[in-house]
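Colleague: Sequence:
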Amino acid sequence: MRLGAMAGACAALVLLGSAPPQDATPEKLRELSKGSLTYRSYPQPRAVEWETALRKALATQTPNAAADALAPNFGLKQETMRELVRLWIAVQV
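Everything in the sequence shown is counted per this note's numbering, starting at 1 for the first residue and increasing by one.
These aren't lab readings, by the way, just hints derived from the structure by calculation.
From a predicted model like this one, the values you see are computed outputs, not experimental measurements.
All residues carry an ideal CB built from backbone N, CA and C; glycine is no exception.
Careful: at least some of the hints might be erroneous.
In silico lysine-lysine, DSS-like type, Cα no more than 30 Å apart, as pairs [to be verified]:
| # | residue 1 | residue 2 |
| --- | --- | --- |
| 1 | Lys77 | Lys28 |
| 2 | Lys77 | Lys56 |
| 3 | Lys56 | Lys28 |
Derived DEER-like restraints, expressed as beta-carbon distance ranges [what the hints assert, rightly or not]:
| # | residue 1 | residue 2 | range |
| --- | --- | --- | --- |
| 4 | Gln61 | Gly8 | 42 to 48 Å |
| 5 | Met6 | Glu49 | 43 to 49 Å |
| 6 | Lys77 | Thr52 | 20 to 26 Å |
| 7 | Gly8 | Leu87 | 31 to 37 Å |
| 8 | Ala65 | Pro45 | 45 to 51 Å |
| 9 | Glu31 | Gly8 | 18 to 24 Å |
| 10 | Arg30 | Gly8 | 37 to 43 Å |
Hey, can you work out the whole structure from these sequences and the hints?
Modeller: See the structure below:
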């Protein structure tokens with residue numbers, strides 16, 4: 001019986017871990033723009049600078065407008081920065 005309970009608990013963890021992605025709602029975007037929690041184990045100055053600038057931009061702009069404003073500062077095309085911002089938001093939410 002103990003083995004069955006363990007198997008059930010493992011199955012529940014697997015099911016919870018495979019939840020579908022959530023939509024990027026305006027509320028979630030506001031939360032992201034305020035967050036400062038980081039899981040980085042060592043400094044990555046340019047990436048940290050980009051994320052800080054993105055969070056600040058998202059506080060007052062749409063994701064596309066924020067990406068367009070950041071693109072020249074980080075040497076990327078607008079389309080590339082928009083994709084990067086879209087992917088960052090998808091991972092964060």
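Colleague: Does Lys77 pair with Lys28 here, judged by a C-alpha cut-off of 30 Å?
Modeller: holds (26 Å)
Colleague: A range of 43 to 49 Å was offered for this pair. Does it hold for the Cβ distance of Met6 and Glu49?
Modeller: holds (46 Å)
Colleague: The hint says 18 to 24 Å between Glu31 and Gly8; measuring C-beta to C-beta, is that right?
Modeller: violated (33 Å)
Colleague: For Ala65 and Pro45, compare the CB-CB distance with the range 45 to 51 Å and indicate the outcome.
Modeller: About 25 Å separates the Cβ atoms of Ala65 and Pro45, which means 45 to 51 Å is violated.
Colleague: Using the C-beta atoms of Lys77 and Thr52, is the stated range 20 to 26 Å upheld?
Modeller: holds (21 Å)
Colleague: When you take the CB atoms of Arg30 and Gly8, is the distance between them in 37 to 43 Å?
Modeller: Given about 38 Å between the Cβ atoms, the range holds.
Colleague: Can you tell me whether the CB distance of Gly8 to Leu87 sits inside 31 to 37 Å?
Modeller: holds (35 Å)
Colleague: Given the proposed pairing of Lys56 with Lys28, does the C-alpha separation stay at or below 30 Å?
Modeller: Measuring from Cα to Cα gives roughly 14 Å; hence the hint holds.
Colleague: Do the beta carbons of Gln61 and Gly8 sit within 42 to 48 Å of each other?
Modeller: With a Cβ separation near 47 Å, Gln61 and Gly8 satisfy 42 to 48 Å, so the hint holds.
Colleague: Is the straight-line distance between the alpha-carbon of Lys77 and that of Lys56 30 Å or less?
Modeller: At roughly 20 Å apart (the allowed maximum being 30 Å), Lys56 and Lys77 satisfy the hint.
Of the numbered hints listed earlier, those contradicted by the structure are 8 and 9.
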